[in-house]
Amino acid sequence: MLLKILQIEDNPDFILITKKILKAAEGGYQIDSAGEMEEALKKIEAEGYDVILCDYRLPKASAMDILNRLKEGNKDIPFIVVTSAGNEKIAVELMKAGAYDYIIKDSSYADILPHVIEKAIEKYKAKKEREWLETELVESNEVLKKMYAIKSDFTSMVSHELRTPLTAIKEGIEIVLDGVVGEVNAEQKDFLEMAKKNVARLKRLIDDVLDFSKLESKKLEFKMEGGNINDAINETIESQRLVAEEKGIYLKAELESNLPRMKFDSDRIIQVLTNLITNALKFTESGGISIISTYQPQEQNIKVIVRDTGPGMKEEDLSKLFEKFQQLGGMNQRKTGGSGLGLAISKEIVTQHRGKIWVESELGKGSDFIFTIPINWQYNILVIDDEKVVLDLCERVLKQNGYTVSCFQSGQEGLKAAQENIPDLIILDMRLKDISGYELVGCLKSNQNTSAIPILVMSGYADEIERIENRKQEWALPWIAKPFDTKTFLAKVISIITYVQ
Amino acid sequence: MINKKCILVVEDEPDLLHIVVFRLKNAGYNVISAQDGKTGLEMAKKEKPCLILLDLKLPLMDGVEVCKQLKADAELKSIPVIFLSASPGKDIADKIKDAGADDYMQKSFDTKEFLDKLTGYLR
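Chains as they are written, first to last, in the working numbering: chain A, 1 to 501; chain B, 1 to 123.
Don't take every hint at face value.
[Stated by the list, open to error] With a straight-line Cα cutoff of 25 Å, these simulated DSS-like cross-link-like pairs (lysine-lysine) come out: (1) B/K57 x A/K203; (2) B/K48 x A/K197; (3) A/K43 x A/K145; (4) A/K170 x B/K25; (5) A/K282 x A/K324; (6) B/K97 x B/K48; (7) A/K203 x B/K117.
Everything labelled a hint here was simulated from the structure, so no lab data went into it.
Chain B with its partners taken away, still in its complex shape:
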């Protein structure tokens, strides 16, 4: 049973994590977080969030690998996964395709744009 309105954020930069978590809670979501890929994957399996925001560069297991494993799991593959990217990149498209992610967002995001995109995936 997928946890309604619970978002998992996996981001290793503590300040950026703090900001994202703050923004999401402020918008009314329940938020859980992890600071490395391995813990992130474990939490996803345990809590079954309704959406996962995944940083690409993570310790222990990188974002692409976490995503691949999520998408290979029958119970978890329907959860939307959005990559967080530090730089505007045209090579990000390849990473998304490779990992099976649903979308990506630049980390220097516009809050409104960010929240709109989320509601899109959470409908």
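Isolated chain A (complex conformation):
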């Protein structure tokens, strides 16, 4: 491929030298020349060159002038500056302004020139490719955003379009079944009941699909509130009790008492538990189902097991269970009437709680569906201490352990922040510069928005601790003496935030 080079040079001898060098070198070069700026620019406009070799100083203009004119015209052509020894500074400046390289008019010129040109071409190619990739990336990003918007509008549109006819069908059947438009005989009743049952099934399917769609696109907002997961478990068991009784199998809870408090979306976790329990109920014919909850202090999480004495599953079938549209019962091909999305939805919910869900099962021995949820995420801790060193230490330790932390050196600012964004715990030093610790606690306790926030008091003075002990009767504030080691500090924080004694 012929490389077109424009040499902007006013010394005709040097032009000849350059031509000779490139003629002898490998690769095909076509060299044109121009003696001054305007002539060069006209040629560039007319011909289109692959490389420009420009002397750093011409009679009426400098290389910088030419480079700037090219930039103004949005012309990006590999620009190589030719300088003389001792003028490297100019070359560097030109590089900063956009020149691709420079070459010195000395004894090395003949050897280096072809390489410099080659390098400049490569640099240009790489630059163009990068620019192209960036445009591609931006474009595909735009397409994705549009598709995403379409999908979520689609979801809500589908929701409405699907539910409307379904309602009409259901109500139509019910009106006839109610006998208000004429008597219904037994046979008619049977078929109508069958139709009604299938409408309910269809509705559940639609709910599942829409639910999953919203979950997957993270459009569902979770209402994370502190509570005891045992309450959610008990509630779910109550709602499933009858089904178990009818089948003659047990449904019992083995819940650890005094489970630490944790932040979770109760409705959604009940949805997960319902899904796991109804699955277990479907496949268990004898024996029963146990729900077990435990606190794992090492892993800082709560573990829930839904254990059934059903048929169990083969090792190979386990891994695909939580994927979309997987029907349980695999080889049996028993149509269980589910949407195949229940476990996928459960997995999505657990994952958004930063938890994990999995199954352990052995053929003939039953199955354990297990999920864990960490207890210390989603907690916001506010720390107030006028000593930056202490503040930084607290922040580092807490953040490392998954808490969200906001720090304040000013008691007033900390107080204001606490009133605006109710934190889950306030850690404060009793000796602050702008407001006394007592006053601060008093303000927090007298404001009904902040009065329930647990407070951990830090104090480095022995008498301060005594006073806290005395005031403890009134406020019962937990405290920690400074300097403290991080292990003790963390243990105290965890015990307060999760009510674990």
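Knowing the structure of chain A, use the given hints to seat chain B on it.
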């Protein structure tokens, strides 16, 4: 003078309208209906029903706007307005608050629950 035992239903889906009207008449109420927001508002002004069931998505004027206008009218603001919603929604609560409606009901309603709720508002 508010028309006793006369319910206005504003719903654009003809089949759903048919079902609701049927259920209400069967329960002994007098029922009038409209299939778009503008007509619904006009009928409310003319007939002064004792309760209004209002679909959210309506042609010509949507449910929220109709409700706002009803609640801004001195003569009509005391009439209970219940939104009919196609999907179970937690965002419906905002719409109710925004428009000043009194309650909402899901369109795939349980008839008994539906009628009980109405008697509650019509006492």
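Below or equal to 25 Å on CA atoms is what counts here, so check B/K48 against A/K197. 40 Å, violated
Regarding the pair A/K43 and A/K145, is the alpha-carbon distance no greater than 25 Å? Given pair A/K43, A/K145 is violated - Cα atoms ~45 Å apart, limit 25 Å.
For the pair supplied as a hint, B/K57 and A/K203, confirm whether the alpha-carbon distance does not exceed 25 Å. Holds - the C-alpha atoms of A/K203 and B/K57 are around 21 Å apart, at most 25 Å.
Hey, A/K282 versus A/K324, does the alpha-carbon distance stay inside 25 Å? Since the Cα atoms of A/K282 and A/K324 sit roughly 19 Å apart, the hinted pair holds (cutoff 25 Å).
Are A/K203 and B/K117 close enough, with their CA atoms no more than 25 Å apart? OK: A/K203 and B/K117 at ~23 Å, within 25 Å.
When you check the alpha-carbon spacing of A/K170 and B/K25, does it fall within 25 Å? Answer holds: A/K170 to B/K25 is near 19 Å, not above 25 Å.
Compare the distance between the alpha carbons of B/K97 and B/K48 with 25 Å, and conclude whether the hinted pair is satisfied. 23 Å, holds
In summary, the numbered hints that this structure violates are 2, 3.
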